[in-house]
Amino acid sequence: MATTYDFPSDLLAGQEELHQVRAELSALLKRLPWSVQPLDGFSDTGGWRKVERPASPGWTADEQAEVEKLRQREHELAVFVSTHRFWAEITTGDRVAARTSLKHAHEA
-17 MATTYDFPSD LLAGQEELHQ VRAELSALLK RLPWSVQPLD GFSDTGGWRK
33 VERPASPGWT ADEQAEVEKL RQREHELAVF VSTHRFWAEI TTGDRVAART
83 SLKHAHEA
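The sequence shown runs -17 to 90 under this note's numbering.
It is worth saying that the hints were derived from the structure and are not from the lab. Accuracy of the hints is not assured; some may be wrong.
Computed list of lysine-lysine pairs in DSS-like fashion (alpha-carbon distance at most 27 Å, straight line) [what the hints assert, rightly or not]: (1) LYS85 with LYS32; (2) LYS12 with LYS85; (3) LYS51 with LYS32; (4) LYS51 with LYS85.
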């Protein structure tokens, strides 16, 4: 039977927000053009796999700011979760299992 952990509410909330920020950032990056700067399209069929990209209009200043804001928040949350005082209470050998359990706590 898997060990259950009594995660503090602020750690659970931080992990949940980290999931949300990462999902929002991933969705935004999928919607944006492939290049931040305007670039011509290209086709490279000489390699081991074919690579093609259409011309990219680049990202607007607002799009760049939104990506930066989400990346900054993702970093803040990752630091908060990974350095939380809770981890000092967990024996070194159990930390990986506890961290995995926290990552999936929202699924329960």
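Outcome of the hint check:
For the suggested pair LYS85 and LYS32, the alpha carbons sit about 36 Å apart, so the restraint of at most 27 Å is broken. About 23 Å separates the Cα atoms of LYS12 and LYS85, which keeps this hinted pair within 27 Å; it holds. The hinted pair formed by LYS51 and LYS32 fails the criterion: a straight-line CA distance of about 34 Å is larger than 27 Å. A distance of roughly 22 Å separates the Cα atoms of LYS51 and LYS85; the hinted pair therefore holds under the 27 Å criterion.
The structure shown violates the earlier hints numbered 1, 3.
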